[in-house]
Every structure is written in structure tokens, then in C-alpha cells.
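Participant: Each chain, letter by letter, is given below.
Number of protein chains: 2
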Amino acid sequence: MVIVRSELWRDYPLPAGLAILNVDVAKGTRNALEYLLEQQHTRVALIDGPAASSSQSEQRQVYEQVLQERSLDYHYVIEAHDSRHDLESGYRACRKLLGALGPERPTAILALNDGLAIGAMRAIADSDLSVPGDISVMGFEDWEIAEFTEPRLSSVSVARAEVATVAMRALISLLQKERTVGALPLLPTKLIIRDSSGTAPRSRD
Amino acid sequence: MVIVRSELWRDYPLPAGLAILNVDVAKGTRNALEYLLEQQHTRVALIDGPAASSSQSEQRQVYEQVLQERSLDYHYVIEAHDSRHDLESGYRACRKLLGALGPERPTAILALNDGLAIGAMRAIADSDLSVPGDISVMGFEDWEIAEFTEPRLSSVSVARAEVATVAMRALISLLQKERTVGALPLLPTKLIIRDSSGTAPRSRD
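For the record, the sequence lines run as chains Z and E.
No gaps in the numbering here: position 205 of the first sequence is 205 in our numbering, and each next residue is one more.
No gaps in the numbering here: position 167 of the second sequence is 167 in our numbering, and each next residue is one more.
I should point out that these hints are in silico values taken from the structure, not numbers from a laboratory.
Take the hints with a grain of salt, since some may be wrong.
[What the hints assert, rightly or not] With a straight-line cut-off of 20 angstroms between C-alpha atoms, the simulated EDC-like cross-links for lysine to aspartate or glutamate are:
id: 1; chain 1: E; residue 1: Lys-96; chain 2: Z; residue 2: Glu-147
id: 2; chain 1: E; residue 1: Lys-190; chain 2: E; residue 2: Glu-147
id: 3; chain 1: E; residue 1: Lys-96; chain 2: E; residue 2: Asp-82
id: 4; chain 1: Z; residue 1: Lys-190; chain 2: Z; residue 2: Asp-128
id: 5; chain 1: Z; residue 1: Lys-96; chain 2: E; residue 2: Glu-147
id: 6; chain 1: Z; residue 1: Lys-96; chain 2: Z; residue 2: Asp-128
[To be verified] Restraint ranges, calculated between C-beta atoms of paired labels, are given here:
id: 7; chain 1: E; residue 1: Leu-175; chain 2: Z; residue 2: His-85; range: 47 to 55 angstroms
id: 8; chain 1: E; residue 1: Ala-161; chain 2: Z; residue 2: Pro-103; range: 35 to 43 angstroms
id: 9; chain 1: E; residue 1: Gly-133; chain 2: Z; residue 2: Gly-99; range: 29 to 37 angstroms
id: 10; chain 1: E; residue 1: Ala-125; chain 2: Z; residue 2: Glu-34; range: 26 to 34 angstroms
id: 11; chain 1: Z; residue 1: Lys-190; chain 2: E; residue 2: Glu-162; range: 40 to 48 angstroms
Built from N, CA and C at the ideal position, the CB exists for glycine as well.
All chains, full assembly: derive it from the sequences and hints.
Facilitator: Here's what the structure looks like:
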């Protein structure tokens, strides 16, 4: 069996006949954040997954680390409630964030996945703010819908073709050898810049 | 086994132990169309499903029938290609439609499902037209995303709670009697008006 992106297994010995493909979430998150910082954003918030989700901690770690490297003290992480209803969770998380921070609101939001990001975009519009004029929004996973939202959603793609190829190779290898496949390379991600992200608005300070 | 909305079985005798729940697609389509006509639209196009899809013909039949009843001769049906990629199919169908019709373009579009409708909204924006200022868009099935698009998508909801209740009752009945359940009532639909539909723009003639 080949499992794609299950970091739940990270800390356990692999049962025989099992291969795990992991996406380089850390690198993807870093690329997305560094892109936002290059766009002059100094107030970047993270909409994280619900506490139980496995990859959320990895994104959060990278978020903390990158901000620290740049000596940015603006730092805001909000947890979405419910992994089954990303849109609604992203909407609520973003409304809460905008309500709590007022004029100190972020100029950019990075979300754990595109569903949360789309919910956040809706919340921003409902707060009479614009994307990306007031707040840039960056998703993750590059869902099919990302090309069709208004504005189109910038995201981090997890090169699906490559995932499929590596998964197939690992599967063949498992079938031939009937044992655990050795460590597989982390699958690369790609930053996809569309219309929901841009340069930071001029400082309101 | 209880199957929800499979009109494939409409013309065949039911095997024992099988119940089919059907949604009243015809009524839902009629309601959506009549609402658009009340909003002064006289040029309504239908983005139909791919030719193989079963409920498409029902929506198309209702579309033809309602237009005929109102003696409207504007009539345009475009078929989406691919039921697996609704967003892209809706996008392409709508681009084709706008390209082909030019100034005779519709002022309202009814789509077979919300994915096709969202693709159509993107195509309209990419043609420098606005929803609903230039073209109203109405989806079908009321997907979760419909509340989060910009603008929010008007759609026809298939009362999910009621579907679940009726499905459960049919299932229990099947388990108890171990035979085919008699004809089930068609499940009602509900028109959900959000922001993607409104009154027709003033005539451009």
C-alpha cells in the first residue's frame, strides 16, 4: 500500500508492505511566506487547521521560524475548528481575526488549505475589505476551484503528476519485493501566484 | 440498498431490495426558470450536462417547455463536455456561448449544477461582464461552496435533511420487509436566492 502525505506515520516504524509519500510542506510554507514578505507584508497571519490535524503543526513551526528569522514581531495564528467544513471554518476564523484585531489586522493571510482560504476571502469581502487590495490571501494544496474563484486564489501546488509517478513506482517496488520501500524523497511543491495576493497596502500607521 | 437520485432506473423494473429516491428536478428547474422570467429576463440560456448524464434531459425538457409556455423564442442550450470537471466545463461552455452570441448573449444563465455555474461566473468575469449586472447566474444542487463564491451563488437546494430522513425510512423498510419498497414521493427542492441573480439589465436593443 502506498499512502500519500500521511505524517501521522512519521514517528512510527513502518509496517511491511507500506510506503509513505510525503509532500515537502515545510518548504512550500516557507516559499509562500517568503513571497508574501517580499511583497512588503509585515503583518501576516496564519489560519491553521484544527488542533488534531497532523500537518498543521509543521506549517505553524515554519511560520514561527520564518518570522523569527526576519525579526518580525507581528504574529497571529488562528485555529480553524473543523476539518470537514473548511469553507465555513475559514470564514469563521477570518471573521474572528478581523474582529479581534481591528486596525491591527493582517495585510496577508496564509491558510492551511484552499478551502480555508476561500472561506477567508468571503469573510474579507463581508467585512467590506478587498482581496488583495487590503489583504492578500494565499491558500495551500491548489484545489481545482482555485482557478475559478473571484479573485483567483494564489496557492501552493503539490505537483500532482509527480506524486502519481512516485506513488506508482513505490507501489511497483512494493509488489515486486513484498517489503517496505526505503525512504522516499519529499515531493516538491510549487508556488502558484494568481490574483488573490499582491503587494502590501501602504502602511495605515 | 437505497439509491438517491438515480434516474437511470426510471425506465426499468426495480430489483428486489432496492429503493430509489428521486429529487423533483423538474419542479426545481421550473421554479428557477420562472423566477428568472419574473426578473424580466427574456434571454435565458441553459448550460446542460454532458450528453450522457441522466437528469440533464429532464432539465432541458422543462427549459424548452417553460419557454414555449411563455412564447419566448430566445432559446440556447450548450452542453458541458465532462461531468468530472464541472468548473472547467462550465467555464468553457460559457466562453463559447458568449463568443458565439456576441450582443445577443443571454441576460441569465441556468446551469445543471453549481460547479458548472461557478465556471460560468468565472467566464463572465473574464469577458469583462458582471454577475448579476450583465448576466444573472443560477446553479443547481446548492453545493456548500455556493455561499462562499463572489458573488454568492443562487441555486436550487435539494433539502438534504429530508433526503436523509426519507432514505433512512426506506432503508429500514427494506430491512424489515426484505423486498422492494413501493413508489417513494419525489423529494422537493427549494429556490435559494443569493447574490448572483437579479433583475435583467435594461434592453440593449
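Participant: Just to be careful, I want the Cα atoms of Lys-96 (chain E) and Glu-147 (chain Z) compared with a cutoff of 20 angstroms; is the pair within it?
Facilitator: Holds - the C-alpha atoms of Glu-147 (chain Z) and Lys-96 (chain E) are around 18 angstroms apart, at most 20 angstroms.
Participant: Checking one constraint from the list: CA of Lys-96 (chain Z) to CA of Asp-128 (chain Z), max 20 angstroms. Satisfied?
Facilitator: Within the cut-off at roughly 15 angstroms; holds.
Participant: Taking only the CA atoms, is the gap from Lys-96 (chain Z) to Glu-147 (chain E) under or equal to 20 angstroms?
Facilitator: holds (18 angstroms)
Participant: Take the C-beta atom of Gly-133 (chain E) and the C-beta atom of Gly-99 (chain Z), compute their distance, and say whether it sits inside 29 to 37 angstroms.
Facilitator: holds (30 angstroms)
Participant: Compare the distance between the alpha carbons of Lys-190 (chain E) and Glu-147 (chain E) with 20 angstroms, and conclude whether the hinted pair is satisfied.
Facilitator: holds (15 angstroms)
Participant: Quickly compare the C-alpha distance for Lys-96 (chain E) and Asp-82 (chain E) to 20 angstroms and report which way the hint goes.
Facilitator: This hinted pair holds, its Cα atoms lying about 15 angstroms apart.
Participant: Next pair to validate is Lys-190 (chain Z) with Asp-128 (chain Z); report whether the Cα-Cα distance is within 20 angstroms.
Facilitator: At roughly 31 angstroms apart (the allowed maximum being 20 angstroms), Asp-128 (chain Z) and Lys-190 (chain Z) break the hint.
Participant: 26 to 34 angstroms was suggested as the range; check whether the CB atoms of Ala-125 (chain E) and Glu-34 (chain Z) agree with it.
Facilitator: About 30 angstroms separates the Cβ atoms of Ala-125 (chain E) and Glu-34 (chain Z), which means 26 to 34 angstroms holds.
Participant: Between Lys-190 (chain Z) and Glu-162 (chain E), does the C-beta distance stay in 40 to 48 angstroms?
Facilitator: Given a distance of about 44 angstroms, which is inside 40 to 48 angstroms, the answer is holds.
Participant: Does the Cβ pair Ala-161 (chain E), Pro-103 (chain Z) satisfy 35 to 43 angstroms?
Facilitator: holds (42 angstroms)
Participant: Does the hinted range 47 to 55 angstroms hold for Leu-175 (chain E) and His-85 (chain Z) at CB?
Facilitator: At roughly 31 angstroms between Cβ atoms, His-85 (chain Z) and Leu-175 (chain E) fall outside 47 to 55 angstroms, so the hint is violated.
The structure shown violates the earlier hints numbered 4, 7.
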